[in-house]
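J.: 1 is the number of the first residue of the sequence shown in UniProt numbering; add one for each residue after it.
Simulated from the structure, these hints should not be mistaken for laboratory data.
Quick caveat, the model's predicted, so the values are computed rather than measured.
Be careful, since some hints might not be right.
Pair ranges (Cβ atoms, derived) [unchecked claim]:
#, residue 1, residue 2, range
1, Leu297, Glu219, 19 to 29 Å
2, Trp92, Ile209, 34 to 44 Å
3, Pro210, Gln278, 31 to 41 Å
Heads up, simulated DSSO-like pairs for lysine-lysine below, C-alpha to C-alpha not over 30 Å straight-line [stated by the list, open to error]:
#, residue 1, residue 2
4, Lys6, Lys249
5, Lys272, Lys6
6, Lys30, Lys6
7, Lys57, Lys272
8, Lys37, Lys249
9, Lys37, Lys107
10, Lys107, Lys272
11, Lys22, Lys57
12, Lys30, Lys272
13, Lys251, Lys30
14, Lys107, Lys6
15, Lys22, Lys6
16, Lys258, Lys214
17, Lys107, Lys30
18, Lys272, Lys249
Virtual Cβ for every residue (Gly too), placed ideally from N, Cα, C.
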Amino acid sequence: MTEISKTHVILLSCGSFNPITKGHIHMFEKAREYLHKTGRFIVIGGIISPVHDSYGKPGLVSSRHRLTMCQLAVQTSDWIRVDPWECYQDTWQTTCSVLEHHRDLMKRVTGCILSNVNTPSTTPVIGQPQNQTPPIYQDHNNMNHKPTAIKVWGKISESLGKICCVRPNMERFTFVDENANLGTTVRYEEIELRILLLCGSDLLESFCIPGLWKDSDMEVIVGDFGIVVVPRDGVDTERIMNHSSILRKYKDNIVVVKDATHHPMSIVSSTKSRLALQHGDGHVVDYLSQPVIDYILQSQLYINASG
1 MTEISKTHVI LLSCGSFNPI TKGHIHMFEK AREYLHKTGR FIVIGGIISP VHDSYGKPGL
61 VSSRHRLTMC QLAVQTSDWI RVDPWECYQD TWQTTCSVLE HHRDLMKRVT GCILSNVNTP
121 STTPVIGQPQ NQTPPIYQDH NNMNHKPTAI KVWGKISESL GKICCVRPNM ERFTFVDENA
181 NLGTTVRYEE IELRILLLCG SDLLESFCIP GLWKDSDMEV IVGDFGIVVV PRDGVDTERI
241 MNHSSILRKY KDNIVVVKDA THHPMSIVSS TKSRLALQHG DGHVVDYLSQ PVIDYILQSQ
301 LYINASG
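Please build the complete structure, drawing on both the sequences and the hints.
T.: Below you can see the structure in the form of structure tokens.
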């Protein structure tokens with residue numbers, strides 16, 4: 001498949017990120033690497049969406065801190081960004097709502113409808129507007145030139161930056177004013193674009209807990225969007241999926257990242273990181289990036305057992 005004919009993917013990860021660990025970033029990298037190896041997908045961007053403060057999880061520090069730590073963790077990445085929309089809402093948002101927000105946001109930014117995983121479009125989802133304006137990526141020396149994935153994500157991010165608004169005391173974080181009349185602010189060659197939920201096998205297992213997730217939300221998350229699972233070492237994802245009728249129904253929409261090697265980052269967790277910080281364990285440098293550690297120490301986070 002040529003790059004232009006592959007499904008272009010934005011990976012979205014929701015969670016507490018309390019704090020964000022090297023394992024979270026590793027999950028993005030492994031997912032992108034595996035999706036590219038399939039030959040069917042090309043990942044053009046990643047989004048980290050920290051949960052709202054009212055989620056109510058014990059020891060959850062303020063979103064102000066969690067957003068800053070996430071931003072520090074991805075400051076050298078050219079494809080992963082932090083989105084504060086979830087934290088800025090009046091109350092906690094479901095994962096389904098976050099996915100739908102980003103789908104609608106991308107529709108507004110690109111002026112096009114994103115593909116549904118169950119009904120792949122017969123015509124490209126993102127296309128060049130029918131006017132006389134030359135294509136943004138047109139190369140007059142090579143008319144067959146197509147945009148690279150990084151260019152597509154770059155133009156989307158550039159457009160987000162141009163139409164952002166900033167909340168007080170959080171100047172480094174921007175988001176799109178959803179009431180803005182954007183029109184078609186991005187134009188490129190025709191591609192198919194989807195947003196997929198990126199998660200670990202622990203979230204997949206949670207789908208099987210009776211009453212924890214609404215069936216209607218699961219139908220949207222797995223049925224309409226699709227998910228990419230990066231399992232912990234030794235986790236039997238097939239067994240997990242067979243325990244849920246909805247996961248079985250939409251099994252084709254679940255991409256499980258397969259990796260024969262055991263990587264230490266796969267067992268890193270926020271819980272281990274908090275415990276290491278509380279006990280002064282030097283192994284915390286294996287779990288968290290140095291800028292995140294520096295911020296935690298400066299802000300005196302997680303030092304007490306209460307978080």
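J.: None of the hints should be skipped; say for each whether it holds.
T.: Hint check:
1. Leu297 / Glu219: 19 to 29 Å: violated (44 Å)
2. Trp92 / Ile209: 34 to 44 Å: violated (18 Å)
3. Pro210 / Gln278: 31 to 41 Å: About 33 Å separates the Cβ atoms of Pro210 and Gln278, which means 31 to 41 Å holds.
4. Lys6 / Lys249: holds (24 Å)
5. Lys272 / Lys6: Violated - the C-alpha atoms of Lys6 and Lys272 are around 38 Å apart, more than 30 Å.
6. Lys30 / Lys6: Given that 30 Å is the threshold and the Cα spacing comes to 19 Å, the pair holds.
7. Lys57 / Lys272: Holds, because 16 Å separates the two Cα atoms, which is no more than 30 Å.
8. Lys37 / Lys249: Judged against 30 Å, a Cα distance of about 25 Å means the pair holds.
9. Lys37 / Lys107: It holds: about 28 Å lies between the C-alpha atoms, which stays within 30 Å.
10. Lys107 / Lys272: Violated, at about 38 Å.
11. Lys22 / Lys57: Status holds; Cα separation ~21 Å.
12. Lys30 / Lys272: holds (21 Å)
13. Lys251 / Lys30: Holds: Lys251 and Lys30 sit about 20 Å apart, inside 30 Å.
14. Lys107 / Lys6: Holds. Lys107 to Lys6 sits at ~19 Å (cutoff 30 Å).
15. Lys22 / Lys6: Within the cut-off at roughly 29 Å; holds.
16. Lys258 / Lys214: Between Lys258 and Lys214 the Cα gap is close to 28 Å, so the pair holds against 30 Å.
17. Lys107 / Lys30: holds (27 Å)
18. Lys272 / Lys249: With Cα atoms ~35 Å apart, Lys272 and Lys249 exceed 30 Å; violated.
In terms of the numbered hints stated before, the structure departs from hints 1, 2, 5, 10, 18, listed from lowest to highest.
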